[in-house]
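Number of protein chains: 2
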Amino acid sequence: FNQLMCLWITVWEEENFQGKRCEFMLECQNIMERGFAKIRSIKVENGPWVGYEYPEFQGQQFILEKGDYPRYEAWSGNSSYRTEHMLSFRPIKCANHSDSKVTLYECEDFQGRKFEMCDDYPSLQAMGWCSKEVPSIKVNSGAWVAYQFPGYRGYQYILERDRHQGDYRNYNEFSTQAHTNQVQSIRRIQH
Amino acid sequence: FNQLMCLWITVWEEENFQGKRCEFMLECQNIMERGFAKIRSIKVENGPWVGYEYPEFQGQQFILEKGDYPRYEAWSGNSSYRTEHMLSFRPIKCANHSDSKVTLYECEDFQGRKFEMCDDYPSLQAMGWCSKEVPSIKVNSGAWVAYQFPGYRGYQYILERDRHQGDYRNYNEFSTQAHTNQVQSIRRIQH
Numbered sequence: 001f002n003q004l005m006c007l008w009i010t011v012w013e014e015e016n017f018q019g020k021r022c023e024f025m026l027e028c029q030n031i032m033e034r035g036f037a038k039i040r041s042i043k044v045e046n047g048p049w050v051g052y053e054y055p056e057f058q059g060q061q062f063i064l065e066k067g068d069y070p071r072y073e074a075w076s077g078n079s080s081y082r083t084e085h086m087l088s089f090r091p092i093k094c095a096n097h098s099d100s101k102v103t104l105y106e107c108e109d110f111q112g113r114k115f116e117m118c119d120d121y122p123s124l125q126a127m128g129w130c131s132k133e134v135p136s137i138k139v140n141s142g143a144w145v146a147y148q149f150p151g152y153r154g155y156q157y158i159l160e161r162d163r164h165q166g167d168y169r170n171y172n173e174f175s176t177q178a179h180t181n182q183v184q185s186i187r188r189i190q191h
Numbered sequence: 001f002n003q004l005m006c007l008w009i010t011v012w013e014e015e016n017f018q019g020k021r022c023e024f025m026l027e028c029q030n031i032m033e034r035g036f037a038k039i040r041s042i043k044v045e046n047g048p049w050v051g052y053e054y055p056e057f058q059g060q061q062f063i064l065e066k067g068d069y070p071r072y073e074a075w076s077g078n079s080s081y082r083t084e085h086m087l088s089f090r091p092i093k094c095a096n097h098s099d100s101k102v103t104l105y106e107c108e109d110f111q112g113r114k115f116e117m118c119d120d121y122p123s124l125q126a127m128g129w130c131s132k133e134v135p136s137i138k139v140n141s142g143a144w145v146a147y148q149f150p151g152y153r154g155y156q157y158i159l160e161r162d163r164h165q166g167d168y169r170n171y172n173e174f175s176t177q178a179h180t181n182q183v184q185s186i187r188r189i190q191h
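The listed protein sequences derive, respectively, from chains A and B. Number 42 in our numbering belongs to position 42 of the first sequence; there are no gaps in the numbering. Number 183 in our numbering belongs to position 183 of the second sequence; there are no gaps in the numbering.
Just so you know, the hints here were simulated from the structure itself, not pulled from any lab data. Any given hint could turn out to be false.
Note that the list lumps identical chains together, so a pair holds whenever it fits in one copy or between two copies.
In silico lysine-lysine, PhoX-like type, Cα no more than 25 Å apart, as pairs [stated by the list, open to error]:
1. Lys20 / Lys132
2. Lys43 / Lys132
3. Lys38 / Lys114
4. Lys20 / Lys101
5. Lys132 / Lys114
6. Lys38 / Lys101
Next up, chain A with everything else stripped away, as it sits in the complex (with noise of 0.2 Å):
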């Protein structure tokens, strides 16, 4: 119950916190079904959850931590897409800090020479990583937002030692219908 108590999610059909709300403890499938016509602003009261761009968590993946996002391109972080959709979401179990571990293969089904990391890295290949793919990717512990572009930008993939036992094997498997197979920075995420 405790934990529970822990996950709030307030959402508004308009921006700037105005029009219909609602409010969610649990992960929402579909908010078309509460009669919203869209999301266009956000409230995290506790943490982290991961939005998406369709029902049933598919599509594009915004990581949303607490705080305010007043608006689309508050938890879109991509500007050159422009459907500004997020429809379903759902909270994400996360390790301890300091508990955090991800591995990055050169090749696809963890294949060639591999990266253990344990902290945050705004640029990969400032820490030597020689490409700009990460062909696949495995989550030992705790769940890590990647990102398509070096500093935490462009498009926001979420991995979880809780999905698919934190293995994913190829781009398709975290890149959600696939956007791009560009990985220049990854973090990870926290309570």
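For chain A, the structure is supplied; the task is to place chain B on it using the hints.
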């Protein structure tokens, strides 16, 4: 000399690293003086650097860490603002990752309660900061980037020990041209 060799940025006039190009190992006050109409793609071979919307380090700020930025959206992170200029840039000096420290203050001019930080915070509210604003900031060591929204999204504000002695007495001093006084996430800038 070795330190100079470490810094290297290449800019192109067209997207995806096409068209006229220019390499820099030192600051550039105005790319238009090199005959560029615009910068449309960037590779950072070694960083970090900070880009600015206008000549002479004015206007919106962009943190540029090692990696590829094939178009404006890759470095902007702010999709509601459509100017798409980056006309000057300079390298940033940062501390060792573990030595970085910053102090946030509840009021302007370093008044009120304070909070000392040595780590990255994707959500200041999750760590206990009660407001969406940070009225004044002192950089004790290293260089940091503060963001308008949680999860390192929205406007970016570069904060350095080596500028203004690390003192930012009100949001006009860190938010160039005062786009907003909101700060909801902050992180260290790494080599």
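Do the hints match the structure? See the list:
1. Taking identical chains as interchangeable, the C-alpha atoms of Lys20 and Lys132 lie at most 25 Å apart only when they sit on different chains, with a minimum of 23 Å there against 42 Å within one chain.
2. Taking the closest pair of Cα atoms, Lys43 and Lys132 come within 25 Å of each other only across two copies (12 Å); inside a single copy the shortest separation is 33 Å, beyond that limit.
3. For the homomeric pair Lys38 and Lys114, neither the shortest alpha-carbon distance inside one copy (41 Å) nor that between copies (39 Å) is at most 25 Å.
4. For the homomeric pair Lys20 and Lys101, neither the shortest alpha-carbon distance inside one copy (40 Å) nor that between copies (42 Å) is at most 25 Å.
5. Taking CA atoms no more than 25 Å apart as the test, Lys132 paired with Lys114 passes inside one copy only; the shortest distance there is 15 Å, against 40 Å between copies.
6. Taking the shortest Cα distances, Lys38 and Lys101 never come within 25 Å of each other, neither inside one copy (35 Å) nor across copies (41 Å).
Violated hints, in rising order: 3, 4 and 6; the structure is consistent with all others.
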